[in-house]
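4 protein chains.
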Amino acid sequence: MDIRTPGSEATTGRSLGESCGIVSLAESVPVGYRLIQSLRIIQHRGQESAGISINTGNHLRNYKGMGLVNEVFSGVKLERDNGLGIGHIRYSTAGSSTIENAQPLYSNIGKYEIAIGHNGEIVNALQLKKVLESKGYSFTTNSDTEVILKLLSIELSKTSDPVLSMKNTFKKLVGAYSLNIIINHRVFVARDPNGIRPLAVGTTEFGYCAASESVVFDQLNGKMLRDVRPGEIVELKKNEIDSFMYNDKAKTAHCMFEYVYFARPDSLLDSRSVFETRMELGRILARESPVEGADCVVAVPDSARTHAQGYAEESGIPLTEALIKNRYVDRTFIMPEQAGRESELDIKLNPIKQLIDGKRVVLIDDSIIRGNTTRKIVKMLRKHGAKEVHLRIACPPVRFPCYLGIDMKTKDQFIASNRTVEEINSKLGADSLRYISLQGLIEATHLGKDNLCLGCLTGRYPVSIPRK
Amino acid sequence: MDIRTPGSEATTGRSLGESCGIVSLAESVPVGYRLIQSLRIIQHRGQESAGISINTGNHLRNYKGMGLVNEVFSGVKLERDNGLGIGHIRYSTAGSSTIENAQPLYSNIGKYEIAIGHNGEIVNALQLKKVLESKGYSFTTNSDTEVILKLLSIELSKTSDPVLSMKNTFKKLVGAYSLNIIINHRVFVARDPNGIRPLAVGTTEFGYCAASESVVFDQLNGKMLRDVRPGEIVELKKNEIDSFMYNDKAKTAHCMFEYVYFARPDSLLDSRSVFETRMELGRILARESPVEGADCVVAVPDSARTHAQGYAEESGIPLTEALIKNRYVDRTFIMPEQAGRESELDIKLNPIKQLIDGKRVVLIDDSIIRGNTTRKIVKMLRKHGAKEVHLRIACPPVRFPCYLGIDMKTKDQFIASNRTVEEINSKLGADSLRYISLQGLIEATHLGKDNLCLGCLTGRYPVSIPRK
Amino acid sequence: MDIRTPGSEATTGRSLGESCGIVSLAESVPVGYRLIQSLRIIQHRGQESAGISINTGNHLRNYKGMGLVNEVFSGVKLERDNGLGIGHIRYSTAGSSTIENAQPLYSNIGKYEIAIGHNGEIVNALQLKKVLESKGYSFTTNSDTEVILKLLSIELSKTSDPVLSMKNTFKKLVGAYSLNIIINHRVFVARDPNGIRPLAVGTTEFGYCAASESVVFDQLNGKMLRDVRPGEIVELKKNEIDSFMYNDKAKTAHCMFEYVYFARPDSLLDSRSVFETRMELGRILARESPVEGADCVVAVPDSARTHAQGYAEESGIPLTEALIKNRYVDRTFIMPEQAGRESELDIKLNPIKQLIDGKRVVLIDDSIIRGNTTRKIVKMLRKHGAKEVHLRIACPPVRFPCYLGIDMKTKDQFIASNRTVEEINSKLGADSLRYISLQGLIEATHLGKDNLCLGCLTGRYPVSIPRK
Amino acid sequence: MDIRTPGSEATTGRSLGESCGIVSLAESVPVGYRLIQSLRIIQHRGQESAGISINTGNHLRNYKGMGLVNEVFSGVKLERDNGLGIGHIRYSTAGSSTIENAQPLYSNIGKYEIAIGHNGEIVNALQLKKVLESKGYSFTTNSDTEVILKLLSIELSKTSDPVLSMKNTFKKLVGAYSLNIIINHRVFVARDPNGIRPLAVGTTEFGYCAASESVVFDQLNGKMLRDVRPGEIVELKKNEIDSFMYNDKAKTAHCMFEYVYFARPDSLLDSRSVFETRMELGRILARESPVEGADCVVAVPDSARTHAQGYAEESGIPLTEALIKNRYVDRTFIMPEQAGRESELDIKLNPIKQLIDGKRVVLIDDSIIRGNTTRKIVKMLRKHGAKEVHLRIACPPVRFPCYLGIDMKTKDQFIASNRTVEEINSKLGADSLRYISLQGLIEATHLGKDNLCLGCLTGRYPVSIPRK
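Residue numbers (my numbering), protein chains in the order written: chain A, 1 to 468; chain B, 1 to 468; chain C, 1 to 468; chain D, 1 to 468.
What the hints contain is simulated information worked out from the structure, not anything from laboratory work. Here the structure is a predicted model, which is why all the values come from computation and not from measurement. A few of these clues could be false.
If several chains are the same, the list does not tell them apart, and a pair holds so long as it fits within one copy or across any two.
Below, computed lysine to any residue pairings styled on SDA-like, alpha-carbon distance capped at 20 Å [unchecked claim]:
no., residue 1, residue 2
1, Lys348, Ser74
2, Lys449, Glu288
3, Lys77, Lys223
4, Lys135, Asp161
With the rest of the complex left out, here is chain A:
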């Protein structure tokens, strides 16, 4: 799918939330470099900025910068820490890509130092901000995370009790949040009452860890213990974890898009394998929308590879790696203005002609957002001789904005927003276009309709979205 299309103006005006990844550690060894390595494991969740906050014994020490983890931290010498720390990576969005918004965000108040990393989006952030401003609290960023940080600081100064402060703070928040928080010598993670964004806890070789995706535990020679519960705060200690529930009444609403596209296939999210879900999406899609007499199934690499495998398996149509992705062109390349505009897609993807030429191709993509890339791939396949191109999409049409942590903000950007499937295909130019059904998507996740956030598909969100 094409969510990261260069030049995409996904957000207009000031953004208050993005997709991100978090990792927290409490270990008997210094964690600074281990946090950095762990962030590299989930780098796919955010490429705009990276940061860590570690406890050096006396103080929290923040390191952060713009870019990939290797760009920010390559060669950086960290102060030695005492085994407690949190890390964060932030997704690249148009507009407000500045170091001020890089996380963890930091503040100090009295004897407390606080750093916080946030994956998700607070839908009532502007309302909360206005209330705070009316009381004289000023802000230094336009991030919704600063609102959480400010509320938490105020509570801390009142109660001197970190857990109580978090509970009081979280009760005011509406929206999606998987948080990692370090307050002096204590490391916490928390998850919103709907469990919209993923978050899990696990062991490591030297202690405990919490992370957006379970793959992190593997790399640290540990094991996943469990998902953080919706409405739960977990404190990570070096020898144990403590649990504090602050809300257990909300209905779970896990983001379906994590399964469809965002998470790594080798992750388990809320006890469900991402890989298995994608295979199942492919199988269901094959049953719902077969292509009689097709010669081959082709995936849009790399994200739709598993879905295509499921489709091929179920349909019996052979899967071929007919689109070759250039591994090097993900990297930023700035062409001076005088240069002719070559298509970046032409450099990124190239078909193997003999696998396409004269063939009836089933092209599988995980999802379609804007449709620009999909249109170009269809055209590319035809140019290389494809007789027919049948598009099969493993996610129902995305028609509504996400307010809960995925950077899809305005309806204008969705090719599906005011179009029928027929109309969409007239833009994309395939011989046929079919999306998986909503029911099929739900079935594949094994989570049940009532436990999923399907807001971007249905316009019905698990929390009430304020008019801004």
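Following the hints, complete the assembly by docking chains B, C and D onto the known chain A.
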């Protein structure tokens, strides 16, 4: 395969040749940025340095630097050129990674300016260098390409005839060379009499092109015309190409390793599809070395994916994407010395446990050089529950150095050099290990035994290798 | 003098204030680049970081970074502004040299955006901070400027009146502050009731300006109008300036060290020429502490040049430029650890032997803080043959910390703190050492004893210094 | 003087020579970092590039880069060397500022490795180059130094005798050259038969040194031994120096401009103090061209400070530091194109008004080349109230190109080239303009007319200049 293992000390002492990629253009539009984009297409052939030489009307202008094309050229403003130019990317090798060795190499003599890019390796370079030195010719690098450049300059100053000068020069060279050469306003490419390294000519939207791999023509909206013949010089003009044969007696000896590993699967090399060859290698391997009762075929991503597809197709054992590659960890990351050494492989690859656990796995790799990575992957699969791991390798054991352009120089680095297959497997730790037969490899290429360079497998090279 | 000696650990723990420079503009043309150029004019007041905040029509836009103005802003494209902006440069101090402390500091509250630049130091900052923290206000830096910013934001949210908010805020502050503040479309400067740090307003070619030193007006083709009065707020508009007095009862206490060392000689501070003051210091020093039969007067370049000129003029002893300063060694040079430690001073200064050899030298320095550099210069002169070296210092012994904006914080760092002049000279190794008298210093400034801050000389400060 | 005025197009087309500085060391300790520190001492002789070549035991290792020494070498880890090495800094000229031209230049031939650094200019370089090219020798730069390197390499391959090879090579050269050369384990310096560019040998704490200026020996705790003789080769060994004369017939012709402007005042050049020469130039100028009733003497800082001191001393008119130079604006600052063009001079220099206002000023500059800066300074003084400005220049009018190592190449760039003094002053706008006489200049140097190169003043050069 593990040729690029970090820390590999593949070459000892001074290296006189590496694998590389070249692109030349003669077009009715400026070619500077088009050369750069084309180099990105074949970036897999070399990541150490990148450079171009373009004709600005009066002079040749060289631009080069260390690193990937995007690192060297991102944001660089080029002088406007007149549609003539050559480009080069160089493979990273241990030891002599300096800007002086980045190509194209440049020289001027009288009214001539010359720039040259070289893919391959001249085996009699040291002998030629000594002769030149005895006549008072000095050198500024330890590159074999400078020897070619010096010989060509001397010939040019004698004959004032570019084509004759090249012919005279090439007759002295023994080894592998696909060259691109710009002499003032004339752009040439040439290929050694054995055709060891690939080189093809094609059209573009605006003129003619020559490139190491045919994928470049696709990106420039052109078509492959043909391979450059062994022993041929081709001059690229804006409206036509001219051919000059300087040696048509040699036996062709195309590098088998280009098909097995080095080239892109979507390239055609000497009229043979790389993709098809890899599929065929997999199929033959399946026939030669089946694994009865295996549960799944798993490829070492990304390079062995096609071979694995062939193996799966032939054997009927399902192919699964059980090893997930982290797309971001190819990038250089420098850990300060005080940091604990985490395994880069653990960050790079992660298995999907449920696809491995309790399974009898056929693990396909394209080739094994040192074996370090292979051993770790076998161990990783076992750790995630694999019941059995059967290694199947789509290239016979590499036991001899390559002197003709692939950076495999000393026997010590090869796990297979003095070991039986049994002994190799005792190092790798698989349940079984089988290599494809030499005959199977030859069959898969469709080129015939007599048209392949199999030096690294047999120790018999198409040209005589001087003792150094 | 040696205040900037590398390796100086002037401040221990967390610093809450440093010397700096500020410039504000309200003009009928965009001011972004003009602010940058103006900051270069007063670069001597701070080399650690540089920043500007400009009004782009809808919002304030901040640009800041670590290093010299040319390092931070070279090649930077600014958003177009509407003629309103402020700029700041910050002095390099040990310990807390981080981008978070770079100014202007920014915050937003309700409809207000505020940016603030500060030259000086708030002595009751910690007390004010504690009060704010007890009310739930958290901080993101350890800068005393953030305390001012926070107080001002709170007042603004209460009163919605920028001038009243500033008045209310300033009444709480004890210490030294010359401030520039931009609140949405309004640009203000203010000076503490004692006028400790300099600040002046002037015209420019296109409007009005305020700056730490009057040299800025020259460069902008304008004229100095007057000093900002102690206890005054001045609003800069494009066509006029408005004055608001918030405190006119305090006794003026201008920092004597600005005249002795810190300011540019071509500046006028509080109507008194820095150049004239330094000449006068030299003349008085010559009268108070003559050196009978000396051969030459030599200045420590560049800062003592004017003082030496005065001494030479008064004494009749010829002034010679016998110490040659290497113009390039101010720049940072990082020697790898394995390199031998060469003396940076040996590279920085070199005597002209024939001017020194066999001579009785009067060596003039503006002041002595730690004494390390002075000792080395005395030794250097002797090594080149000086028969006698008589040290004459144009500032009385510095024996007490500055809490009001100069980075001299702990008594340990002063060579004079617990020593008689005789004892000091036993460390410095001169044939004789004389300081100007306190009376002489006061006389030279023409300001009167009661209008000077002499805290670092007498330990008596113009404001009450809280025990920390 | 204004030789370095930004935007100066001093050289048109391809330059074959520039002013530079060299340092060579043979010591019992590693010299890499000591060479770097020594280059910083003579940084004023060249700011474009810096490089060293050191012997690591088996090989020469080159390090070079564009920019100041601190920019090129800050933080660079050098390989350990055996105490032998050479260093070079190159002056910034328009046009050919590329890394290829950075020195030392390197070549290898047979068993010899050679690196060479050059201060000066070979006037028959093009002729020599053509001869070499006709014999098949090609070039990789447009530097005249490469011609020397090539000739030397050829001789070495013939004779295997470094000293003989240098002698044979130097006999072919016409022009100015102070060279440092390392050939494997032997370090040499040489000076052209006219001794046009300076070069001296001295001791250090650990061995022997040769350098463009004697200040280097001071810094290395050594002493100047003597100037290298015109036509002499000196070999530096760790315990001794050897001398080889290859030409002792030529007439010495030391560059007068080194004394007037280029060298450091604390250097001794050919036994004559630069400082003393400049004082004397000022005194003679005062005698030749007094200004009756002037109020003050003002130097253009920093280069004319000594000349002004001499003028003041002789005339009895007081010297005042009325022009304040901003120490930070020498550094490169790139203003984006959209920014208004502020005068860099206005930022660089500022007068002290009270020293100028109503005064009759004698303004001393060391020399005038283009005159742009001088004109602006005159205007600046008038703007600040100067009643009269009388320009006195310590060098006769520069009217002819320098072909021997100073970057003044075309007559068009000289304000004096086709103008009388009266006409020049009508451009500069002073009340009067006087240059020192040629006789006065000669007298001040104490070297005698026949021992000076006065080519840029008289058009008569010590060597025959070929028509290009």
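Legend entry - Contradicted hints - numbers only: 3
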